[in-house]
Amino acid sequence: MFVRQLRNELWKLFGKKRTYIGFGAFLLAQVAMLMAFKFTRWQSDFERMLGGNGYLPAEFISALTVAVVMLIPQIILLMPLYATLVGGDFVAKESEDGTLRMILCRPISRVRLLLVKWIAGIIFAGVLVAVLGGTALGFARIAFPWGGLFVMVPGQAFSAMPADEGLQRFLFSHLFLAVNASTMVSIAFMFSCFNMKPAAATIVALSYLFINVVMESIPFFERYNDFFITHHFRCWLLVLENPVPWARVFQSEVILVAVNITAFIVGAMAFQVRDIKS
Amino acid sequence: MTDAPIHLTDLRKVFGGRPAVESLDLTVPRGEIFGLLGHNGAGKSTTIGMMLGQVWPTSGSIRVCGHDVTSNRQKALEKVGAIFESPVFYDYLSGWRNLDILSAYSGATTKARIAEVVEWVGLTGRIDSKVRTYSHGMRARLALAQALLPKPELLILDEPSDGLDPEGIHEMRETILRLHRELGLTIMLSSHLLNEVEQLCTRIAIMQKGHKVFEGQVSEVKAARGRVMLKTADFNGATALLQSNGLITAASEGRFIVLAPGRSTAEVIRLLVASNVPVEGVWQHEQTLEDFYLNLLKTPPPVPGK
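Protein sequence lines, in the order shown, are assigned to chains A and B. Just so we're aligned: 192 in the numbering used here is position 192 of the first sequence, and the numbers increase by one with no gaps anywhere. Just so we're aligned: 62 in the numbering used here is position 62 of the second sequence, and the numbers increase by one with no gaps anywhere.
Heads up, some of the hints might be wrong.
[Stated by the list, open to error] Derived PhoX-like pairs: lysine-lysine, alpha-carbon spacing no greater than 20 Å straight-line:
#1 Lys298(B) to Lys222(B)
#2 Lys277(A) to Lys93(A)
#3 Lys209(B) to Lys12(A)
#4 Lys16(A) to Lys277(A)
#5 Lys111(B) to Lys130(B)
#6 Lys111(B) to Lys12(A)
#7 Lys38(A) to Lys93(A)
#8 Lys151(B) to Lys79(B)
#9 Lys209(B) to Lys277(A)
#10 Lys209(B) to Lys17(A)
#11 Lys12(A) to Lys93(A)
#12 Lys93(A) to Lys197(A)
#13 Lys130(B) to Lys16(A)
#14 Lys111(B) to Lys79(B)
Read the hints as simulated data drawn from the structure, not as lab findings.
Based on the sequences and whatever the hints tell you, model everything.
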C-alpha cells in the first residue's frame with residue numbers, strides 16, 4: 001500500500017507542469033553557460049590559469065571540467081530556488097487547492113500522508129540532481145573533448161585527476177548534491193506543513209538559506225560556520241578534492257541528514273495539530 | 001454506547017477565542033437521511049470537519065461508525081465517504097488517476113472496485129479524460145465516485161449541489177435517493193437548499209451561531225399546526241367576529257388567521273356562514289420547511305449559562 005501511495009504521489013508531482021520549471025531553467029542556463037565558456041574570454045582565462053598552475057590546457061579543458069564549471073553557479077543560484085519551489089508546494093498547495101480535505105476524508109494518518117509526500121520530495125531532489133549533472137556533462141561533451149578533471153574553487157577545492165577517476169568522482173559528488181537538494185526540499189516542506197500559502201513556504205525557506213549564506217560569509221561568524229547549513233552544502237566539492245577530507249565530509253553529511261529528519265519531524269508536528277478547513 | 005453512525009456528545013470548538021460550535025449533542029440513526037441546516041458561519045462545516053477528523057474539537061466526543069474520531073480516526077473513517085462543496089481534484093490528471101490516488105488512501109481498493117463505482121455514477125466513457133475537461137456535473141459525479149470507493153456505510157455530503165445547474169441539482173437529488181434506496185446508506189447532508197432538504201431528509205437539525213436550535217423529523221415540521229388561510233370579501237369583519245367569539249387568536253396579511261387552542265376550521269366556517277359572511281375558502285396552510293426555518297432563526301440562539 002505504501003508503494004502505491006508513493007507511486008501516486010509521484011504521479012501528482014510529475015504530472016504537473018510546475019514541477020518541470022526547474023528542469024527547463026537548468027537546461028537553458030546550461031546552454032547559455034556553455035556558449036559563454038566557449039565563445040567569450042572565459043575559456044582563454046581558464047586555460048591561462050591551468051598553465052599558470054603547471055597543467056596542460058589541452059588535457060584538462062574537457063567535458064568533465066566544463067561540466068563542473070557549469071554546475072557551480074547553477075547549484076548556488078538555481079537549485080535552491082527550484083528545490084524550495086517544489087518543496088513549498090507539497091502540503092500548502094494541496095491545502096490551498098482543497099485537495100488536502102478530500103484526501104483527509106480517507107482513513108490515512110496525517111503522519112503517513114506526510115511521510116509519503118516527503119519521500120516523494122526526496123526522490124524529486126535525486127531526479128533533479130541527476131538530470132542537472134547528466135545534462136551538464138552531456139552538453140559539455142558536445143562542445144569539448146573527453147579528458148581529465150580540473151577543479152579549482154578558491155578556498156574550497158583544488159585538484160586535477162585523469163578522466164576515469166574524474167568521472168567516478170563527478171558521479172560520486174552527485175550523491176552529495178542530492179543530499180543538498182533534499183535538504184532544501186525538506187526545509188521548504190517543513191514550512192509548507194504550517195498554515196501558509198505555498199509561495200510563502202518557498203520564500204521563507206529561501207530566506208532561511210539566504211540568511212545562512214550571508215551569516216557564513218561574515219568574517220565574525222567564521223568560527224560558527226558549522227552552524228550554517230550552507231557551509232555543509234560544499235561537501236560535493238570536497239569529494240572532488242585530492243585527497244578527500246573524509247572526516248569533514250562525513251560530519252557535514254550527518255548534519256545534513258539530521259536537518260532533513262528534523263525538518264520532517266517539525267513539519268509533521270505542525271501538521272498534526274492543524275485544523276484543515278476549506 | 002450506541003450503534004448510530006454519528007454520535008456527537010457535548011461537542012465544542014473554539015477558533016482563536018471565538019466559539020464556532022457550542023455544546024452540540026447530535027445522533028444520526030442508521031439508515032436515515034439527516035439534514036444539517038444553518039446560515040453561513042452557523043458551524044455546520046466545522047461540525048463536519050470534526051466528524052472527519054480534519055478539525056480537532058476543543059472538547060466533547062465524536063463517534064463515527066462506533067469509533068472515536070479523535071483517538072481512532074483510521075478505524076472511524078474506514079466506511080465513510082464524503083463530498084464537499086465544489087469538489088476539487090487534480091485537474092491535470094485523468095478521472096481514473098484521481099480515483100486511483102484517492103483509493104490508495106482508502107485501504108485495499110481494487111481496480112475492479114474503481115471500475116464499479118465509475119459505472120455506478122455513469123462516467124465510464126470519460127474516465128480517462130483529464131478532469132480539467134469535465135463539466136460541473138461530471139465533477140460532482142466524480143466526487144460521488146470517490147466517496148463510494150470504500151463501500152461506505154455513512155456518506156457525509158457538505159453542500160453537494162453547490163455550483164450545479166437545476167438539472168445537475170435534480171440529478172444529484174435522485175442519486176442521493178438512489179444511494180439510500182439501493183445501498184441502504186446513512187446519509188448526512190448539509191445544504192442551503194431547503195427545498196432539497198425537505199425532499200430528501202427524514203430528520204433535520206438546525207444550527208445557529210454554533211448552537212443546535214432544533215432537531216426533529218421533517219414530517220413533524222410540515223405537520224406542525226400553522227396558520228389557516230381565510231378567503232373572504234370582508235376579511236376584517238370576519239376576523240373581528242371570529243376573535244369576539246374566541247375562535248382565533250390572531251389575523252395577518254389580510255388572509256391568514258391563527259386558530260385558538262382547541263378550535264377547528266369547521267367551527268370557523270359554521271360561524272361565518274351563520275353570520276352571513278361570504279366565505280370563498282378556508283384551508284389549513286401547510287408549513288414549509290422554509291417557513292419553519294426562517295421563523296426559527298428569527299429567535300436569537302440560547303445564551304450560555306442561561
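Taking the hints in turn, this is what the structure says about them:
Restraint check for Lys298(B) and Lys222(B): the C-alpha separation of about 18 Å stays at or below 20 Å, so the hint holds. A threshold of 20 Å between alpha carbons decides the hint, and for Lys277(A) with Lys93(A) the separation of about 14 Å falls inside it, so the pair holds. A C-alpha spacing of about 39 Å is found between Lys209(B) and Lys12(A), which places the hinted pair above 20 Å, so the restraint is violated. This hinted pair does not check out: Lys16(A) and Lys277(A) have alpha carbons roughly 24 Å apart, beyond 20 Å.
With a CA separation close to 18 Å, the supplied pair Lys111(B) and Lys130(B) stays within the 20 Å bound. Using a Cα cut-off of 20 Å, the hinted pair Lys111(B) and Lys12(A) holds, with the two alpha carbons roughly 19 Å apart. Simply put, Lys38(A) and Lys93(A) have alpha-carbon atoms about 41 Å apart, too far for the 20 Å limit, and the pair is violated. Among the hinted pairs, Lys151(B) with Lys79(B) is consistent with the structure: their alpha-carbon atoms are about 6 Å apart, no more than 20 Å.
A threshold of 20 Å between alpha carbons decides the hint, and for Lys209(B) with Lys277(A) the separation of about 18 Å falls inside it, so the pair holds. Taking the CA atoms of Lys209(B) and Lys17(A), the gap is about 43 Å. The hint is violated against a cut of 20 Å. Proximity of Lys12(A) to Lys93(A) is assessed by CA-CA distance (about 12 Å); at most 20 Å being required, the pair is judged to hold. A distance of roughly 7 Å separates the Cα atoms of Lys93(A) and Lys197(A); the hinted pair therefore holds under the 20 Å criterion.
Of the pairs offered as hints, the one joining Lys130(B) and Lys16(A) holds, with about 12 Å between alpha carbons and a cut-off of 20 Å not exceeded. At most 20 Å may separate the alpha-carbon atoms for a hinted pair to count; Lys111(B) and Lys79(B) meet this at roughly 18 Å.
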